[in-house]
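Enquirer: In order, the protein sequences belong to chains A and B. Okay, so the first sequence: first residue is 3 according to our numbering, each after it adds one. Okay, so the second sequence: first residue is 161 according to our numbering, each after it adds one.
Please keep in mind that the hints were generated in silico from the structure rather than gathered at the bench. By construction, the Cβ of each residue, glycine as well, lies at the ideal position given by its N, Cα and C atoms. Treat each hint with caution, since some may be false.
[What the hints assert, rightly or not] Okay, derived cross-link-like pairs now, SDA-like style, lysine to any residue, Cα gap no bigger than 25 angstroms in a straight line:
{"no.": "1", "chain 1": "A", "residue 1": "Lys-182", "chain 2": "B", "residue 2": "Lys-166"}
{"no.": "2", "chain 1": "B", "residue 1": "Lys-166", "chain 2": "B", "residue 2": "Asp-187"}
{"no.": "3", "chain 1": "A", "residue 1": "Lys-57", "chain 2": "B", "residue 2": "Cys-195"}
[Claimed, not checked] Restraint-style ranges between C-beta atoms, simulated for each label pair:
{"no.": "4", "chain 1": "B", "residue 1": "Gln-256", "chain 2": "A", "residue 2": "Gly-207", "range": "21 to 27 angstroms"}
{"no.": "5", "chain 1": "A", "residue 1": "Asp-87", "chain 2": "B", "residue 2": "Lys-255", "range": "24 to 30 angstroms"}
{"no.": "6", "chain 1": "B", "residue 1": "Leu-271", "chain 2": "A", "residue 2": "Glu-136", "range": "35 to 41 angstroms"}
{"no.": "7", "chain 1": "B", "residue 1": "Gln-256", "chain 2": "A", "residue 2": "Asp-115", "range": "44 to 50 angstroms"}
{"no.": "8", "chain 1": "A", "residue 1": "Lys-29", "chain 2": "B", "residue 2": "Ser-164", "range": "43 to 49 angstroms"}
{"no.": "9", "chain 1": "A", "residue 1": "Pro-173", "chain 2": "B", "residue 2": "Gln-249", "range": "23 to 29 angstroms"}
{"no.": "10", "chain 1": "B", "residue 1": "Arg-270", "chain 2": "A", "residue 2": "Lys-29", "range": "20 to 26 angstroms"}
{"no.": "11", "chain 1": "B", "residue 1": "Ser-269", "chain 2": "A", "residue 2": "Thr-238", "range": "17 to 23 angstroms"}
{"no.": "12", "chain 1": "A", "residue 1": "Gln-90", "chain 2": "B", "residue 2": "Met-262", "range": "43 to 49 angstroms"}
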Amino acid sequence: MKYGFMAGCSLSSASPKNVANIIAYLKHYYPDLAVIQACCGKPRRMIGQEAAFQKQFASLTDMVHEAGIDELLVACQGCLKTMTDQNQFKMGSLWVKMAELGLPKAYLNKAKDSQVVFSIQDSCPTKDRTDIHEAVRYLIHSLGYATKETRLSGKNTLCCGMGGMCGVSNPPLAKTAATKRVHDFKTDYIVTYCASCTAAMILGGGRSWHLLDLIFGDVVQLGDTCPDTALHHPLTAWANRYRSKQIVAKA
Amino acid sequence: MVYSQKTIDMAQLIADNCTQCGRCMKDCVFLQQYCANPKELFEQFLTSGLPTIVPYSCQLCGHCTVVCPLRLELGQAFLAMRQDLCRDQKKLPLKQLRSVTMHQRLSASRLFSSISGRHSR
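Put together the whole structure using the sequences plus the hints.
Expert: If you want it as structure tokens, here you go:
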């Protein structure tokens with residue numbers, strides 16, 4: 003079984019470091035891992051350009067076949083949903099795979115002394131994927147963090163505000179949605195497993211971390227504020243994306 | 161704008177069947193901003209049409225379908241409207257969507273794409 007990994011556009015633009023971290027983690031288990039940096043084309047589909055989307059997705063499918071990948075592990079739920087709907091190759095959620103493989107020993111229970119209780123912003127494209135919801139919670143709890151659920155989580159999750167290209171078409175409404183989302187949660191600390199969701203929660207006034215920041219970064223303590231996100235700075239985001247590409251090319 | 165029959169049928173299904181129960185309205189800021197209930201919104205679409213910004217403001221998250229007793233697919237109807245609005249390939253329905261097409265052109269470019277580990281078989 004040859005595995006491949008694809009981070010997706012938002013994570014590549016938000017954190018080349020975490021792209022590198024994941025590649026190193028997966029290579030430990032799968033030394034012949036193939037890595038792809040590409041776009042699934044979902045934004046084209048979302049704005050209504052279905053033909054242009056199909057063309058972009060076909061190019062991704064070619065890359066997956068060219069790399070000889072049997073199963074592509076994906077960190078982005080937008081990509082995952084798009085790939086599932088297209089059904090052109092086998093794909094899996096990075097989070098489910100990580101829960102299956104387990105976290106490196108050094109990370110287990112590292113946050114056991116932290117008083118932070120995280121709320122989870124579940125990604126809306128995979129609201130029907132209970133396996134992903136469970137895997138994410140398992141990973142957060144393995145780190146030693148406590149979590150608190152809300153009415154609007156799991157299959158009842160709501161969009162962070164950026165879905166359907168609303169962030170571009172109607173930025174004030176996207177901000178209203180993000181702010182509502184932040185207020186829905188019962189705790190001030192929010193963890194997401196989508197880089198776009200993290201950026202949206204910050205836009206909505208929340209303190210938000212990506213799951214990979216919790217896994218590979220410092221332990222979050224009560225009172226900590228979250229780091230800024232590159233996704234709010236287009237030039238930094240594209241520079242990051244280029245750095246991620248270089249990391250992928252050398253992987 | 162002449163919408164496709166598929167789009168009109170999807171809108172008609174919602175206008176005809178929505179019971180105005182309000183479950184989808186409870187948490188959706190998009191619906192709250194543009195209507196009192198989906199029945200009213202889709203009736204307006206079928207009679208006088210909707211401003212382009214409306215179908216482009218839905219976040220297509222599908223929460224409305226999850227909570228709808230009839231599983232009405234509002235997001236799919238808005239997406240169908242978007243596809244119709246994009247039929248004229250030369251002109252984007254909203255000028256701000258230019259940043260999406262620019263983003264997609266860059267995303268697909270060699271500058272930001274790569275494959276590694278392909279020859280290890």
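Enquirer: Are any of the numbered hints broken by this structure? If so, which, sorted upward?
Expert: 1, 2, 3, 12
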